[in-house]
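Visitor: Using the hints provided, position chain B relative to the given structure of chain A.
Number of protein chains: 2
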Amino acid sequence: MSSTRYSILALALATLFSASSAISFYIWKKNLIEWDSKMKELQKSLNSALEKCAAERQGRIRAQQALRKAVVAQPQAKSENLDIPSYPMAPIGIVQSCFSTRNGTPRQPLLVPLARACLVFDSTRVPPASLEGLEEYSHCWIIYVFHLNTDLEKLWKHPSKSKFKAKVRVPRLKGGRMGVFATRSPHRPCPIGLTVAKVEAVQGNMLLLSGVDLVDGTPVLDIKPYLPYCDSIEGAVVPNWVMLDSMLSVASVGFSDDFSSSLLDCWKSVEKKSLYSSPDELKSLVKQALSWDIRSVSQRNRPHNNLLKIGSGDASDNASDLDDSQDGEASGELIYHLILDGMDFSYKIDGNGNVMVKEVHLSSAISFGNNKNRCNFLMWKDKIK
Amino acid sequence: MSSTRYSILALALATLFSASSAISFYIWKKNLIEWDSKMKELQKSLNSALEKCAAERQGRIRAQQALRKAVVAQPQAKSENLDIPSYPMAPIGIVQSCFSTRNGTPRQPLLVPLARACLVFDSTRVPPASLEGLEEYSHCWIIYVFHLNTDLEKLWKHPSKSKFKAKVRVPRLKGGRMGVFATRSPHRPCPIGLTVAKVEAVQGNMLLLSGVDLVDGTPVLDIKPYLPYCDSIEGAVVPNWVMLDSMLSVASVGFSDDFSSSLLDCWKSVEKKSLYSSPDELKSLVKQALSWDIRSVSQRNRPHNNLLKIGSGDASDNASDLDDSQDGEASGELIYHLILDGMDFSYKIDGNGNVMVKEVHLSSAISFGNNKNRCNFLMWKDKIK
Chain A
1 MSSTRYSILA LALATLFSAS SAISFYIWKK NLIEWDSKMK ELQKSLNSAL EKCAAERQGR
61 IRAQQALRKA VVAQPQAKSE NLDIPSYPMA PIGIVQSCFS TRNGTPRQPL LVPLARACLV
121 FDSTRVPPAS LEGLEEYSHC WIIYVFHLNT DLEKLWKHPS KSKFKAKVRV PRLKGGRMGV
181 FATRSPHRPC PIGLTVAKVE AVQGNMLLLS GVDLVDGTPV LDIKPYLPYC DSIEGAVVPN
241 WVMLDSMLSV ASVGFSDDFS SSLLDCWKSV EKKSLYSSPD ELKSLVKQAL SWDIRSVSQR
301 NRPHNNLLKI GSGDASDNAS DLDDSQDGEA SGELIYHLIL DGMDFSYKID GNGNVMVKEV
361 HLSSAISFGN NKNRCNFLMW KDKIK
Chain B
1 MSSTRYSILA LALATLFSAS SAISFYIWKK NLIEWDSKMK ELQKSLNSAL EKCAAERQGR
61 IRAQQALRKA VVAQPQAKSE NLDIPSYPMA PIGIVQSCFS TRNGTPRQPL LVPLARACLV
121 FDSTRVPPAS LEGLEEYSHC WIIYVFHLNT DLEKLWKHPS KSKFKAKVRV PRLKGGRMGV
181 FATRSPHRPC PIGLTVAKVE AVQGNMLLLS GVDLVDGTPV LDIKPYLPYC DSIEGAVVPN
241 WVMLDSMLSV ASVGFSDDFS SSLLDCWKSV EKKSLYSSPD ELKSLVKQAL SWDIRSVSQR
301 NRPHNNLLKI GSGDASDNAS DLDDSQDGEA SGELIYHLIL DGMDFSYKID GNGNVMVKEV
361 HLSSAISFGN NKNRCNFLMW KDKIK
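Which chain is which? The protein sequence lines are A and B, in order. Under full-length UniProt numbering, the residue at position 87 of the first sequence is numbered 87, and the numbers go up by one with no gaps. Under full-length UniProt numbering, the residue at position 5 of the second sequence is numbered 5, and the numbers go up by one with no gaps.
Same shape as in the complex, but just chain A:
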C-alpha cells in the first residue's frame, strides 16, 4: 500500500479513536453527573433517615423515661423472691385545711377540736352517692399521702439512692434512734399517713371534718368509717419511750391589745374563704391550737437559739423536719408564727409556757385568692351538727 493510504488510514484511526474518546468521555461525564446526583440523593435519603431515626429514638427514650417515672422503680438490688409490682394510687380528693403550713399543724388528731377541714372529692371518682351514710358516723379514718416529703421523687425514681433512713430519732431517748416502723414518722418507704377526724357533715362531693391534724393540700387516698369494735383496742400497750411531748399543754394563751383590730382587718379579706363563721370563732381556734405546745422539742429546750436545725424524731404523723416558723427579735425573744386559713398569727412564749398572741396579718406566702373551689363556712352553715 502506498504511504498516502497509510496516512489516510492512520488519520482515520486517529479520528476514530479521538471520536470514541470524546464520546466515552462524554458518556463518562454524563454518568458521573448522574451518579453524582444519585449519590447526592442517596446521601440525602440517608441523612433524613438518620434524622428520623434520631427523632424516633428521642421519642422512645422520652416515653420510656415517663414510663419509669409513672411506675415505681423496682428495687435495684434483688429482692428475695418477691415479685413486687407497684400499685398506682390516685388520690380521690384534696384536703382544704385550716392549717396552711406543716408548721403549726397538730401532731395528733382531735387535739384541736375546732380545727376544720373540707375534703373535696373528685366527683368523677367519688360520686356523691358514695358518701351517703358517712355522716351517721361520728369519726372516720383518713388515709393520705405525705406529699410534702422532700425525698418523694427520689424515693420513687431511684429507690436505691433515696436517703430513706431506717431509724429516726426519738426525743425521749435523748437522741437515740428507733426503727421508723416503730414510729409514725412521715418518712417511710410508702409515704402513707393515717389519721382520724370527727365527721361534721356531708354535702355533695364534700366532707366537712373537725379535729383534723392535716395540712392544707394533702392528697387523700381513702376514707373509712371509724368502727370502735374494730379500731378501738382496749389495753393496747406502747413502749415508754413513745413521745408524748406533743401533748404538752402550755400554761396560758393570751392576746395582745392590738390583736382584735388586726384580726378584724384580716377578716374582711378572708371571710369568704374561711371555714369559720366569725372572727371570734377564729380567735377560739387560735387559742385551742396554741394551747398545745406545737414547737418542736429543740425549740422548746432552747427557745433563744433560732439557728438550731430541728430534726424529726417523734412518733406522730406530722413531725416536720425543719421548723422555719420563727424569727429573732432585737429583744432576744423569738416570734413564732402560726398560719391558719392563710392568716399569719405571730406569738411569743415565755419560759413558763405563757403564750401571747401579738397580731395577725395576711400571709404573703399563702393565697387562696384565685381558688374558686375554696370551701367556706357559708356552704356548711346549715349542716354542721
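Don't take every hint at face value.
Note that identical chains are pooled: a pair holds if it fits in a single copy or bridges any two copies.
[As the list claims (entries may be wrong)] In silico DSS-like pairs for lysine-lysine, Cα to Cα no more than 30 angstroms straight-line: (1) 273 / 383; (2) 38 / 52; (3) 30 / 44; (4) 381 / 272; (5) 30 / 381; (6) 287 / 383.
These are computed hints drawn from the structure, not numbers from a lab.
Guide: Here is chain B on its own, set in the frame of chain A:
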C-alpha cells in the same frame, strides 16, 4: 514533509489516542467500580438506617402504650380544677397468713386470737433496723392492698369503664344500699385496706402477728404502731345499720371421730411449713375460727340453697363477693370448707348453729411446696411472747 513522516505522525497520534482511550476507559471502569461499591454502601447504610428507624419507632410506640397502661388514666371527664397525679405505691412486703383463701378469713381483726401471719419484708426496702422497737408495742396497723379485687386492672387502666359501685348492699337494711365510703368494703377507688393485729415478735426482716384477718399473699404497703391516745376513740358512734353479723357466734364447734387421724395425716406434710407448733394447736385454731359464723348472710339464711349467688354487703374489709366454699351433698346438708395453712377442713352446720368439723385433707388448690421462703413455727419458737 514526506508522507512517511505523516504516516509516522498519524500512527503516533493514533497510538496516543488509543492509549488515552484505553487509559480513560480503564479509569472510567475503575471509577465505575468505585462508585458502584460506594453506591452499594450508601444504599446499605440507608437500608439499615430505615430499619433502625422502624425499630426505634416500634420501641417508641410500645413504650407509649405501656405508659398509657401504667399510669392511672386521668378521669375521662373533666375533674373540677383538681390536678391529680397518681402515687405509685410499691408494697414493702407480703403476708404469709394461716388463712389460705378469702373465704373463711375473718371479717374483723383480733376475733381469732390464734390466727397467725408472718409479714415478710423486702429487705432492700425494709432493712431490719427499721423494725427495731416495733416489738415493744402490743398492736400495729397494717395498710394493705385488696389485691384480690377482680376489677383491679380495669380500675386502673380504664377508670371510666370500671364497674366501681358507688353504693353497696347493707344486709341490715334488707337489701338497701349505702355509700361505699360508709362501709369498709374492699371495692373502693383506691383499694387500700386497714386492719390491726397483735404484735408477737420481730426477727430480721420478718414480723409475726396474731389475731389477723388477712388472707395469704396480701401485699402490705405500710405498718404503723397502734397508739391508743391517737387511735382509740372513746364514745365513737356508728349508725345502727352497721352490720354486726360478722360477730355472730355459733352455738358449738365439735369434731368428728375421723378428724384427729386425718389431721395427723396432714400434719406430716405441713409441719415444716406451718406457723403452728402441733396438730393440737391447729385444732384450737380451727375451733376459734369456726366459733364465728364466717358464712355470708345469704348462706346463713338459706343454707340448703347452694345455687344462691352471694353479694357483698357488710361493713367489714374482707367481705367476699362470691362464696364458693360450699358444695351440696345427697343428704341435702351442705359441706362447707375452711382452708388454713393449705389444709382443707370440711364442716357442717345445723340449723341451731352447731358446727361439726368432719375431716381435713391437703387442699389441692393451695400448695406451699416449692416456697422456700415460707415461714414456720420453728423460726419463731423462741421469740413468741
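Visitor: Does each hint fit the structure? Answer for all of them.
Guide: Hints versus structure:
no.	hint	in the structure
1	273 / 383	within (17 angstroms within a copy, 56 angstroms between copies)
2	38 / 52	both (21 angstroms within a copy, 23 angstroms between copies)
3	30 / 44	both (21 angstroms within a copy, 25 angstroms between copies)
4	381 / 272	within (13 angstroms within a copy, 63 angstroms between copies)
5	30 / 381	neither (88 angstroms within a copy, 94 angstroms between copies)
6	287 / 383	within (25 angstroms within a copy, 48 angstroms between copies)
Violated hints amount to a single one, hint 5; each of the other numbered hints is respected by the structure.
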